[in-house]
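Undergrad: Residue numbers (numbering that gives the first Met the number 0), protein chains in the order written: chain A, 0 to 162; chain B, 0 to 169; chain C, 0 to 442.
Treat the hints loosely; a few may be bogus.
Simulated pairs of lysine-lysine, PhoX-like, Cα-Cα distance not exceeding 25 Å [stated by the list, open to error]:
| # | chain 1 | residue 1 | chain 2 | residue 2 |
| --- | --- | --- | --- | --- |
| 1 | A | 46 | A | 12 |
| 2 | C | 397 | A | 88 |
| 3 | A | 6 | C | 237 |
| 4 | B | 91 | A | 151 |
Hint data in this document are derived by calculation from the structure and do not stem from the laboratory. In this text, all values refer to a predicted model and were calculated from it rather than measured experimentally.
The residues making up each chain are set out below.
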Amino acid sequence: MAMGQEKVIEDLKNKFPEKIKDVSVRFGDDIVIIDRDSLLDIVKFLKEKPHDFAMLLDLTCVDYSGQKDRFEMVYHLFSLSSNLRLRIKTRLSGKDPSIDSLTSVWKNANWLEREVYDMFGVRFEGHPYLRRLFMYDGFEGHPLRKDYPLRKRQPRIPMRKEE
Amino acid sequence: MGKVNRQKKRAGPVRGGFITTRLNSMIGWGRKYSLFQYPFITACCGMEYMSVACAHYDLDRFGMGWTRFSPRQADMLLVVGTITQKEAPVLKTVYDQMTEPKWVVAFGACAVSGGIYDNYAVVQGIDNIIPVDVYIPGCPPRPETILDALIKLQQKVQKEGHEWRWGKKK
Amino acid sequence: MTFRVQEEARKESLLVNMGPSHPAMHGTTRIMLELDGEKIINCELEMGYLHRGFEKICEHKTYFNLLPYTDRLNYVSPLINNCGYVMTMEKMLGIEVPERAQYIRVIMCELSRICDHLTALAAMAMECGAFTVFLYKMKAREFIWDVMEQTTGVRMTTSYIRIGGVRADLHPNWRETTKIAIDETRKVLKDISGLLDKNKIFLNRTRDVAVVSPELAISYGWTGPCLRSTGIYYDVRKAHPYLVYDKLDFEVPLGERGDNFDRYMVRMKEMEQSLRIVEQCLKKIPEPSSPSALMAEGIEPAEAIKKSRSKRVEGKIKLSPNLEGSEKEKYKGIISDSKGSIIPPKEDTYTNIEGLINHFKFFMKGHGIRPPKGEVYFSVEGGSGELGYYIVSDGTDKPYRLHLRAPCFHIVSSLEEIIRGHYVADVIPTFGSMNMIGGELDR
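One chain only, chain A, in its complex shape:
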């Protein structure tokens, strides 16, 4: 871990002792696994100075189907002033997954969360306009889930010939 990175993790652990579940390093990236309910507090704490993680680089979801907490939300934060990257992960249950929305903190979270809702079905509480982004209205199902077959097509207009 880089020098600045250690200090950030230390401060996080001091401020939220019971919310941080695990801290690890994998292939040179720093990963922090947190509790689902404390996401908004931790993220607001990191955004302020001195840590200054001003940019949300990416927000995505992974489907570990078969495990108890099926969905894992992954957030990549970046600090321009100290040139540090941090990955925050949290687990959601498979039945009706939902989590706080980050649209009040960063503006690009709007479309990123719509993409996750479209592809995985995770609901974001507090999102102003949660609606499908890539797929069209009327599409049933969430394509990137592991139980959605790759080739299941739902045509919008009738096709001229059988495949």
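Knowing the structure of chain A, use the given hints to seat chains B and C on it.
TA: Here is chains B and C on its own, set in the frame of chain A:
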């Protein structure tokens, strides 16, 4: 009796008198050298289309220089790139809005058959939606392939029959 | 289902749809505007018309098989996407790339970046009415594509950069072709500067239009030339140097006001810097590990296979012209020697059993590249900004999840807020300066 039968059995090029065949060729000649194209560009093949239309491999010398970005004014629909399920009604609407005579060219592997994308989101070939005249394979096709295909389309336009214009009305 | 713009619209305003098939929409996006006369009150953007299921299909292909899919993401700068994916895999597998291959990658990435900026500005200028600019830039792009075609064999979607290095060595005549490309591009850039930089009409359409403050840009997650046009100095090549960028001398141009004209100027200056980088690589690139081989020499493959049954074959084997540049002597310079992640040289595959087994194990389902379990994120500087790949591996030969951090996704998501209060005609240069590429935006 036998003479009439033999005449009926002989199939061949467009039947008719000397004047109507000359008129057919003239209409075909006029149409093929002034095709107004509507490039329905979606994806990567658009880059190759752009370089065919520009100075290096000029499309204008074949009479297809004018891109008309309105279906009402175009007579050739050039479907360039992948067509997804979300885009399919749009393509059908644009095709329906074009007036006769119209020709469709499927440009690139994705438009011909879905290309490398065999999944939930991509239409496996635009001939599932609209009838196609010329298919251009390639991912993306080389400019020489595109020019060859457009010349073949021109030959097809030249050979079209116009008997319905001067045939006897029944 | 009604859209937000329809629900929020006042009764007296006009709703206009700039539909998916529109010449200025760079492919397929749909912008819905609520107008009061010519002024835009509300705006909504609908995308997803080119969603090709890239992330889903990558979960069903092996790590090597999905390389062509990465080419077609940002199709105006294809080699940069290749490079990003491959470097993410190398970070996971811990592979070192030889120096000559790194220089080749830098040359190809910078030429792709020049193509990206040329195409973006050509489209932006054409939609403002400057058709000559479009024709000149396409001419310059042809020369750059000539360079890429000579080495890789394909003009656009190459799949040239492989895990461990590159597929083949540079063509023997690459220096002359590259010099011609650089000279022609410089001429074109000079002409375009003369046409547009002080042009009253272009300035009226782009100066002080769609001004973006640095705080707004960071809040939206902007990166790349658009972020640098607001004055913030962030370039992945300088902040987290990769390949040999730390050995090369180049500047990062910054803008001042964050309007459309600054986004145009930053891209023009970046093209000049990229040309400088390519010229430095021309001088600094290490020599190939063997001089350029002639394909016509050597014994036929069938004969070599027959001979190898009794004893090891000495001497050259005449390979097919498709494999020019990837002969065995060149391998040391262009690709690393980690056994499980590269295709062995064809001479080995034909003549000895180790080569045959390595080839077999690379391509067979269930074998091949199998990185350790875990997840990794790596980013490169793409044409529009920070292009990042997030790969989760579960130890098998297929990725468990592959996610792309698309730079233009974040930039385009801000259009709805930026364009409010401007006129309808301002949508075109603003959208053009954002450089939306459908393949990357919709994946």
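Undergrad: Below or equal to 25 Å on CA atoms is what counts here, so check residue 91 (chain B) against residue 151 (chain A).
TA: Since the Cα atoms of residue 91 (chain B) and residue 151 (chain A) sit roughly 22 Å apart, the hinted pair holds (cutoff 25 Å).
Undergrad: Does residue 88 (chain A) lie within 25 Å of residue 397 (chain C) when you go C-alpha to C-alpha?
TA: The given pair, whose Cα atoms are some 22 Å apart, holds under the 25 Å limit.
Undergrad: If you draw a straight line from the CA of residue 6 (chain A) to the CA of residue 237 (chain C), is it 25 Å or shorter?
TA: holds (24 Å)
Undergrad: Can you confirm whether the C-alpha distance between residue 46 (chain A) and residue 12 (chain A) stays at or below 25 Å?
TA: Cα-Cα ~16 Å, so holds.
Of the numbered hints stated above, none is contradicted by the structure.
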